[in-house]
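Visitor: Position chain B against the provided structure of chain A, taking the given hints into account.
Chain by chain, the residues run as shown.
Protein chains: 2
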Amino acid sequence: MAEFELIESIRARCTQTRDDVLLGIGDDAALLAVPSGKWLAVSTDTLVAGVHFMQDTAARDIGWKSLAVNLSDLAAMGAEPAWATLALTLPAADARWVEEFAEGFAALARQYRVALTGGDTTQGPLSITVTIHGLLPERVALTRSGARGGDGVYVTGTLGDAAAGLRQLQSKSPGDSRLLERLQRPTPRVAQGLLLRGHATACIDVSDGLAADLGHVCAASGVGAEIDADALPASPALLAAFDAGTRRAFQLAGGDDYELCFTAPDVDSGDLLDALAHSGCAAARIGRIDSGSQVRIRDAAGNPVALPRRGWEHFA
Amino acid sequence: MAEFELIESIRARCTQTRDDVLLGIGDDAALLAVPSGKWLAVSTDTLVAGVHFMQDTAARDIGWKSLAVNLSDLAAMGAEPAWATLALTLPAADARWVEEFAEGFAALARQYRVALTGGDTTQGPLSITVTIHGLLPERVALTRSGARGGDGVYVTGTLGDAAAGLRQLQSKSPGDSRLLERLQRPTPRVAQGLLLRGHATACIDVSDGLAADLGHVCAASGVGAEIDADALPASPALLAAFDAGTRRAFQLAGGDDYELCFTAPDVDSGDLLDALAHSGCAAARIGRIDSGSQVRIRDAAGNPVALPRRGWEHFA
Numbered sequence: 001m002a003e004f005e006l007i008e009s010i011r012a013r014c015t016q017t018r019d020d021v022l023l024g025i026g027d028d029a030a031l032l033a034v035p036s037g038k039w040l041a042v043s044t045d046t047l048v049a050g051v052h053f054m055q056d057t058a059a060r061d062i063g064w065k066s067l068a069v070n071l072s073d074l075a076a077m078g079a080e081p082a083w084a085t086l087a088l089t090l091p092a093a094d095a096r097w098v099e100e101f102a103e104g105f106a107a108l109a110r111q112y113r114v115a116l117t118g119g120d121t122t123q124g125p126l127s128i129t130v131t132i133h134g135l136l137p138e139r140v141a142l143t144r145s146g147a148r149g150g151d152g153v154y155v156t157g158t159l160g161d162a163a164a165g166l167r168q169l170q171s172k173s174p175g176d177s178r179l180l181e182r183l184q185r186p187t188p189r190v191a192q193g194l195l196l197r198g199h200a201t202a203c204i205d206v207s208d209g210l211a212a213d214l215g216h217v218c219a220a221s222g223v224g225a226e227i228d229a230d231a232l233p234a235s236p237a238l239l240a241a242f243d244a245g246t247r248r249a250f251q252l253a254g255g256d257d258y259e260l261c262f263t264a265p266d267v268d269s270g271d272l273l274d275a276l277a278h279s280g281c282a283a284a285r286i287g288r289i290d291s292g293s294q295v296r297i298r299d300a301a302g303n304p305v306a307l308p309r310r311g312w313e314h315f316a
Numbered sequence: 001m002a003e004f005e006l007i008e009s010i011r012a013r014c015t016q017t018r019d020d021v022l023l024g025i026g027d028d029a030a031l032l033a034v035p036s037g038k039w040l041a042v043s044t045d046t047l048v049a050g051v052h053f054m055q056d057t058a059a060r061d062i063g064w065k066s067l068a069v070n071l072s073d074l075a076a077m078g079a080e081p082a083w084a085t086l087a088l089t090l091p092a093a094d095a096r097w098v099e100e101f102a103e104g105f106a107a108l109a110r111q112y113r114v115a116l117t118g119g120d121t122t123q124g125p126l127s128i129t130v131t132i133h134g135l136l137p138e139r140v141a142l143t144r145s146g147a148r149g150g151d152g153v154y155v156t157g158t159l160g161d162a163a164a165g166l167r168q169l170q171s172k173s174p175g176d177s178r179l180l181e182r183l184q185r186p187t188p189r190v191a192q193g194l195l196l197r198g199h200a201t202a203c204i205d206v207s208d209g210l211a212a213d214l215g216h217v218c219a220a221s222g223v224g225a226e227i228d229a230d231a232l233p234a235s236p237a238l239l240a241a242f243d244a245g246t247r248r249a250f251q252l253a254g255g256d257d258y259e260l261c262f263t264a265p266d267v268d269s270g271d272l273l274d275a276l277a278h279s280g281c282a283a284a285r286i287g288r289i290d291s292g293s294q295v296r297i298r299d300a301a302g303n304p305v306a307l308p309r310r311g312w313e314h315f316a
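Line by line, the protein sequences are chains A and B. The opening position of the first sequence corresponds to residue 1 in the numbering used here, with each subsequent residue numbered one higher. The opening position of the second sequence corresponds to residue 1 in the numbering used here, with each subsequent residue numbered one higher.
Any given hint could turn out to be false.
If chains are identical, the list can't say which one is meant, so a pair holds when it fits in one copy or spans any two.
In silico DMTMM-like cross-links for lysine to aspartate or glutamate, where the CA-CA straight-line distance does not exceed 25 Å [what the hints assert, rightly or not]: (1) K38 with D19; (2) K38 with D20; (3) K38 with E138; (4) K172 with D243; (5) K38 with E80; (6) K172 with D61; (7) K172 with E100; (8) K172 with D56.
The set of hints was computed from the structure by calculation and includes no laboratory data.
Extracted from the complex, chain A is given alone in its bound form (with noise of 0.2 Å):
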């Protein structure tokens, strides 16, 4: 399989069109229509075989994450999605495995609408850039800088599932599907950004774990946050597979999840999780941003809690 056959195998997979494409794969560039009164928003991600996910993973997850985790961080500024470029660098060129990537990545791409408008594929180890683009109204993106003193910490979904599934998976024991399915197939939660554009005052999407995720969004606004351990989201499987502490690490810093939290004030927060919670997505209350400069947790009873480990840190 040369070069050329292995771009037209991802783009015969990749067939989602958009009227705003005026030019797709195939030139120097893409070329794009951003519609007048639209910001654009743009993230990059790159996924390393062996750091970021498991040499042995199915290419079609491979696939589907990749664009997952760069769908998520639109869907933390509330961003709609639209167009991704794919940098895809691969050892051989084995056609079997290019097709299933493709596949995965299609998938995810025709559920979002996302249109494939270009990228490059190079020889080398396996790694995956993705450049997402997405499209929102001027002044109403979520940033992680807007907390206040007072306002109530929410997340969406549950936490912890993916550690638990990567712990699993590791231990090689037979594991939970729901877990490694959200390992491995993480959901990005762009619909939900879209419905806290307008109430949340702050928004972040958990992929280094939960407290270090906060803790950007403290960092960015200037203030603390207390959690409540006890409050923090399991999912029946979590709850099945581990044991409290075990799965109080995972929540607080198992990274993965691909959750959204988010920062509102209380007074508005009623109508927000009716329409989360109807969106499929429930969001709950997990703690409050206060006037302090760190993420400081405490069980139910008032008990400090230690954060078990640090969130997922490159070169740490």
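Guide: Quick look at chain B alone, frame taken from chain A:
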């Protein structure tokens, strides 16, 4: 050096700002304003250590080149550079290496007023993916598909220097610094691309080798081309360092020159060639588009010239 410090080191050096960057490095996505009436041009290129550059290449040169090859894609579209994202995968967080890389990247970014708006830093085998964004008025973009029978074929600058520099580097001969500079620090022909708008019928940048890249134009335009191998522009450094046969091979099939190859009706080309010469990078007429379907090469006497080797292709 932790991931946070690494990002800070890059941010501190890439200081080019732009009014149209509404939110830059540090949130889940950058927020950018595309002026109404402009189209967005987006391109992505990856450089992999050991494939696109030798492992011991200076970090400063890698930083420069990772942006230059992307700017070259914008040049080939006639787009004006605006924003870039940088996905940097590093085996280790070597502070000195990162500083020098960022300085090389920033030097070129300043020159073309490119704001670095975000990216990702991950641990893994050395590789760099840049996604570049440019702007251009609606409907004036240069593409690969507009070449017509009878158009002249032109190329900016000189060909073969980068391949000659690579040969010198590989043979560990002292080498000519002018050739090495063409390999390590290519000049994207951005100003020339802007001059071509409204005049060139098709354009591509010479990254894989002239014959291969002109072949992409012919395929996209549904035409053929005949090239005069004796008309290919050669630099004094190339003329001094290699014999005629080797030079010709480098000029026809060596990649990495990042000159622009374009087509234009000959009747229109006088003023255009004057303007290019005044821009500091003259263009030469090297052949003619015809109704064939391939690139054919002849010498000045009309004898066919065999293509010495294919242009660069991954997985070949």
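Visitor: Of the hints given before, which are not true for this structure?
Guide: When the structure is compared with the hints, none of them turns out to be violated.
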